[in-house]
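Undergrad: Just so you know, the sequences run in chain order A and B. Counting from 1, one number per residue, gives the positions in the first sequence under my numbering. Counting from 1, one number per residue, gives the positions in the second sequence under my numbering.
Keep in mind the hints are simulated off the structure, nothing from the lab. Keep in mind that the hints are not guaranteed to be accurate.
[Said to hold, decoys possible] Simulated restraints on C-beta separations: (1) A/A32 x B/E216: 54 to 60 Å; (2) A/E316 x B/D384: 56 to 62 Å; (3) B/P167 x A/N255: 36 to 42 Å; (4) B/E259 x A/E316: 38 to 44 Å.
No residue lacks a Cβ here, since even glycine has one placed at the ideal position from N, Cα and C.
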Amino acid sequence: MSTQPDLLYSEDEEALRSAVRDLLTDHCAAPAVLARIEGDEPHDRALWKNLAESMGLAGLLVPEERGGQGASHREAAVVLEELGRAVAPVPYLTSAVIATEALLACVGSEAETLLSALASGRTVGALTVPLSATPGREFTDVRATDSSLTGRVTGVADAAFADVFLVPTPDGLFAVDASADGVTVAPQTSFDPTRPLATVTFEAAAGRLLADTAAPAVRRALRAGAGLLASEQLGLADWLLTETVRYTRERHQFNRPVGSFQALKHRLAQLWLEVVNARATARNAADALATGSDDTDVAVAVAQAYTAPVAVHVAEEALQLHGGIGMTWEHPIHLYLKRAKSSAIALGTVGRHREELAELVDLRAP
Amino acid sequence: MSLDAARLRTLTQEFLAAHPVATTPREEFLSARFDAGLAWVHYPEGLGGLDAPRALQAVVDAELEAAGAPDNDPRRNGIGLGMAAPTVLRYGTDEQKRRFLKPLWVGQEIWCQLFSEPGAGSDLAALGTRAVREGDDWIVNGQKVWTSGAHNSRFAILIARTDPDVPKHRGITYFVCDMTDPGVEVRPLRQITGEAEFNEVFLTDVRIPDAHRLGETGDGWKVAQTTLNNERVAIGGMRIPREGGLIGIVADTWRERPELRTHDLHQRLMTLWVEAEVARLTGERLRQQLVAGHPGPEGAGMKLGFARLNQQISGLELELLGEEGLLYDDWTMRRPEIVDFAGRDAGYRYLRAKGNSIEGGTSEVLLNIVAERVLGLPPEPRTDKDVAWKDLSR
Ligand SMILES: Cc1cc2nc3c(=O)[nH]c(=O)nc-3n(C[C@H](O)[C@H](O)[C@H](O)COP(=O)(O)OP(=O)(O)OC[C@H]3O[C@@H](n4cnc5c(N)ncnc54)[C@H](O)[C@@H]3O)c2cc1C
Numbered sequence: 001m002s003t004q005p006d007l008l009y010s011e012d013e014e015a016l017r018s019a020v021r022d023l024l025t026d027h028c029a030a031p032a033v034l035a036r037i038e039g040d041e042p043h044d045r046a047l048w049k050n051l052a053e054s055m056g057l058a059g060l061l062v063p064e065e066r067g068g069q070g071a072s073h074r075e076a077a078v079v080l081e082e083l084g085r086a087v088a089p090v091p092y093l094t095s096a097v098i099a100t101e102a103l104l105a106c107v108g109s110e111a112e113t114l115l116s117a118l119a120s121g122r123t124v125g126a127l128t129v130p131l132s133a134t135p136g137r138e139f140t141d142v143r144a145t146d147s148s149l150t151g152r153v154t155g156v157a158d159a160a161f162a163d164v165f166l167v168p169t170p171d172g173l174f175a176v177d178a179s180a181d182g183v184t185v186a187p188q189t190s191f192d193p194t195r196p197l198a199t200v201t202f203e204a205a206a207g208r209l210l211a212d213t214a215a216p217a218v219r220r221a222l223r224a225g226a227g228l229l230a231s232e233q234l235g236l237a238d239w240l241l242t243e244t245v246r247y248t249r250e251r252h253q254f255n256r257p258v259g260s261f262q263a264l265k266h267r268l269a270q271l272w273l274e275v276v277n278a279r280a281t282a283r284n285a286a287d288a289l290a291t292g293s294d295d296t297d298v299a300v301a302v303a304q305a306y307t308a309p310v311a312v313h314v315a316e317e318a319l320q321l322h323g324g325i326g327m328t329w330e331h332p333i334h335l336y337l338k339r340a341k342s343s344a345i346a347l348g349t350v351g352r353h354r355e356e357l358a359e360l361v362d363l364r365a366p
Numbered sequence: 001m002s003l004d005a006a007r008l009r010t011l012t013q014e015f016l017a018a019h020p021v022a023t024t025p026r027e028e029f030l031s032a033r034f035d036a037g038l039a040w041v042h043y044p045e046g047l048g049g050l051d052a053p054r055a056l057q058a059v060v061d062a063e064l065e066a067a068g069a070p071d072n073d074p075r076r077n078g079i080g081l082g083m084a085a086p087t088v089l090r091y092g093t094d095e096q097k098r099r100f101l102k103p104l105w106v107g108q109e110i111w112c113q114l115f116s117e118p119g120a121g122s123d124l125a126a127l128g129t130r131a132v133r134e135g136d137d138w139i140v141n142g143q144k145v146w147t148s149g150a151h152n153s154r155f156a157i158l159i160a161r162t163d164p165d166v167p168k169h170r171g172i173t174y175f176v177c178d179m180t181d182p183g184v185e186v187r188p189l190r191q192i193t194g195e196a197e198f199n200e201v202f203l204t205d206v207r208i209p210d211a212h213r214l215g216e217t218g219d220g221w222k223v224a225q226t227t228l229n230n231e232r233v234a235i236g237g238m239r240i241p242r243e244g245g246l247i248g249i250v251a252d253t254w255r256e257r258p259e260l261r262t263h264d265l266h267q268r269l270m271t272l273w274v275e276a277e278v279a280r281l282t283g284e285r286l287r288q289q290l291v292a293g294h295p296g297p298e299g300a301g302m303k304l305g306f307a308r309l310n311q312q313i314s315g316l317e318l319e320l321l322g323e324e325g326l327l328y329d330d331w332t333m334r335r336p337e338i339v340d341f342a343g344r345d346a347g348y349r350y351l352r353a354k355g356n357s358i359e360g361g362t363s364e365v366l367l368n369i370v371a372e373r374v375l376g377l378p379p380e381p382r383t384d385k386d387v388a389w390k391d392l393s394r
């Protein structure tokens, strides 16, 4: 194994966290998110503008000389923790991480231009693959004939908000403007309304070639996405635990706070343990991605295999321990549960990550 | 001037030059290391340390390990090193510190812990062993139980009741008990593994000089808190490699013996492999926090996590071995010096791991501690708080 990963948060990272948290406290309160997901536009354009343009967070992973902030996955992970805590409906993971990573794997002026456009936050990109895609998968839904693209991809996250699609085909990776002729984006009714999915159809749409083979860029993008998704899941779980502890201390039944009943205390302590573990593994994945460690594949697989079920477990327990109020539309827990459960399918299920891990650490199935 | 890592490295190298590993006898080497302040660097000068930050011990250990220096076999004296020493350091008189710390560290004197009693386990403060003052001595009578390693020990940390007329937490006093004194009788207690690792200890008119009291009379519960808290801190210092614990043993079996593999076992193996790796990372994160001077509450969870993992992994290992899992290596009633997970067979590991969630505080009690002290949840309603110990129902 290579050098020890740094599993802590630096002072700068903590400063970044509090800046993002302040913004989200002011501009992403749960009632607003609830109202938004029922309207025509689930994404929060104003919040995205604040985060991406004013704070410059969309360009964290992009080097300064290429139009970004020259930070790393460690900082992006902290941003995602906070976005997870707020179940913020912004395309950070999809545009600032996944699409950006795909472009970072490409060379040429087309890719460079798009990269700095995404880094500025004024352009939103989406890698046109289903949100459930695993890093190792092949993508053949869209075919290219002389840069004219035809095909259909379902389940593309945040597609409705994207200005440009990065489309993997057997003939290479292409960029297609969302406004181009022959492109249709049809929103789907999504289990997680805060990260909505859409079907993207290309009918002889004009593409610009980014790379002759799509696989390396897609693999890199999905690996970074899976690794950093763990930080979003951590943030989500962290918020749920804090809220549930607060609630069970305040809610009285049988003349005492329900949080004083041992059956509940033990469950909450167990959730705390899981969150503590999730933090170590999410940090490990972020650090491995940031340092380009040889251990990155293992770190990402471990992070997803552990953190995804933890987020779901904490959300399910949070709902149960809130009793009737937890079951209502008005309380935000359901937003968290929906995000947690869909994230456990996103970018590879636990089982897929474990299978990959078995290969990586030489523990093969029979 | 406070010591930094570079200075400590130099000091350690100078020490090694003056006491060559190859030619210095083991005990002489360890004794000199203590005198040089390189035993536990955060202890005061003259008591095995240099008043350095605790985290810097790792620097010394790494240098000594690289040089192939003998260690003081910490597994043999876990209670002494992990629990008795920090308590003596915090509450002992100068004379007690000088008398006890060095032989303890060098491993010449092994320690055990006379805390639990048949009627006081999780509710340790309910203990009934009596200590009555007589001149300069205390006369102690009572029975202790589950005393690990009592058969090898020279000294014990002991808590006893010195005032039954006040509520239970207030009438306890903390002592050092000489296990060779008349009236101390150690009887082996055989455990499920077949061996007798722990014991019953009967204390009959044992005379403990008042000079062996740690802390004030009646303050023993507070002193015991230091002991119990230190039980958990010990984990932070160690760095374990990937597959460092029991998971490594099972993983190797899996790799070497493809004929044992089934799909169901594979699912469970990978789940536990991931959990073991995550526990390792949490331990590493805790260690990094300690080094950075911001210890986190994670330590409170580490023991819980390891207990569960050890039990699940050792359970899986037996099933993986199939037919061989039906055999056991040795039921002889031995009285071992250490707990040896790696040196015994899978059956032993499975059975011994059951103790991990009981010894040093049960998992249930630790979950209470996490819930109340870390999460700030309300305490259980208490019925014993303001009642004199003698009036409690037993
Ligand atoms: C291998 C081994 C080595 C040991 N070595 C030593 C030693 O060297 N020195 C020493 O002094 N002691 C030693 N012990 C004793 C150990 O500390 C006690 O066994 C332990 O604290 C539990 O006490 P008990 O056995 O009396 O169980 P009890 O306290 O009777 O507990 C019975 C059950 O009730 C549960 N329970 C109790 N109170 C609560 C509560 N408030 N909330 C929820 N559940 C509760 C427990 O978790 C347990 O499941 C050792 C034990 C083992 C297994």
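Undergrad: Does each hint fit the structure? Answer for all of them.
TA: A quick look at each hint next to the structure:
1. A/A32 x B/E216: 54 to 60 Å: Since the Cβ atoms of A/A32 and B/E216 sit about 59 Å apart, the hinted range of 54 to 60 Å holds.
2. A/E316 x B/D384: 56 to 62 Å: violated, 36 Å
3. B/P167 x A/N255: 36 to 42 Å: At roughly 25 Å between Cβ atoms, A/N255 and B/P167 fall outside 36 to 42 Å, so the hint is violated.
4. B/E259 x A/E316: 38 to 44 Å: holds, 39 Å
Checked against the numbered hints above, the structure breaks hints 2, 3 and satisfies the rest.
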